[in-house]
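Engineer: Put chain B on the given structure of chain A with help from the hints.
Quick mapping for you: the protein sequence lines, in order, are chains A and B. Using the working numbering, read the first sequence as starting at 1367 and increasing by one per residue. Using the working numbering, read the second sequence as starting at 1158 and increasing by one per residue.
One should not assume that every hint holds.
Derived Cβ-Cβ restraints for the label pairs, each shown as a range [what the hints assert, rightly or not]: (1) Tyr1606/A to Ser1221/B: 54 to 62 Å; (2) Arg1609/A to His1179/B: 48 to 56 Å; (3) Arg1174/B to Asp1562/A: 46 to 54 Å.
I should point out that these hints are in silico values taken from the structure, not numbers from a laboratory. Cβ coordinates follow ideal geometry from the N, Cα and C atoms, glycine included.
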Amino acid sequence: MNEQLTKYLMMLGDNAMILGHRLSELCGHGPSLETDIALTNISLDLYGQVRSYFQYAAELGGEEVSEDTIAFLRKERTYLNVVLVEQPNEDFGHVIVRQFLYDMFQSFMTPALMNSADERIAAIAAKSIKETRYHLRFSTSWMKRLGAGTEESKARIQAAVNHLLPFADEFFVMTAIEKEMYEEGIGPDLQTFKEDFYSKVKEVLIEAELSMPESAPRVVKGKTGIHSEHMGYILNELQYMQRTYPQMEW
Amino acid sequence: MSNKKEWPLFEVFIRSRNGLEHRHAGSLHAADPTMALENARDVYTRRQEGVSIWVVESKNIHASNPEQAGELFEPAKDKVYRHPTFYDLPIELKHI
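Okay, chain A solo, but in the shape it has when bound:
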């Protein structure tokens, strides 16, 4: 049971960590000073959530395990984030769409986790919900601004939607761990909010004067540890310090 719970915590934490890492790549490179700070703030919020989940996982893991070993010293196949959050910062449009889809999913997932039978998870979710709401507000307003903006911004964000939306389906595929957590009352049945997720996404796309891509959902299996080609590069950078200077702290 503990082992499954630990994996579930990693799933929750890895999503936030990999997305947070992607956003941190933009620190100092945002399209304007104000959006640079905004994206870095979101990254820091996500890392705060990661720490909460990994500290809990570390407590379950015994003495040799710490939040740092969980974050930095695992092999690629044991990271359980969805493939969407690995996708690179092609342009600001991709950054916003990736964020928007993640935030929208979290706007269902986080409230569901607040009802978790696991009190610690419920508490972490309760703390995260306000951050999640702000993130969604931020990314939604940018979806609309870019969609209804110039010809170029519209073309770019539509391209990002076409590329990234098919990855969203993975959010709702129940893996063995998620099924078990659902049976234990710890996690939600993801299928229950799939339809609402897509209708909310569609609502925003319509308001942003964008269209729903017709391409079929992509079958990806990040949640079982099978990642895209981008993941190795992310981990290479993320793990560099701990691999080069083992057990370093600051």
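Structural biologist: Chain B alone, transformed into the frame defined by chain A:
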């Protein structure tokens, strides 16, 4: 960064606590008022500086001309009788 030049400037006012007034915190660039509020939240309140934000497009603020400071403000200098403390109050008046 090139687009930023086209974004208008906004002045940001933050109220640090309920009951206090909004105070000018600084300025920033944004494409529209919503974005100005979000930017102000991220730039000026990330260390819990505020409970309320106002933004106003800088072009909507009309300012006095510093060159006219003499005629505008100096005449008030020698008019001490405009301060309530200039007047002696009768002893019978209390609580004022």
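Engineer: If you test the structure against every hint from before, which numbers come out violated?
Structural biologist: 3
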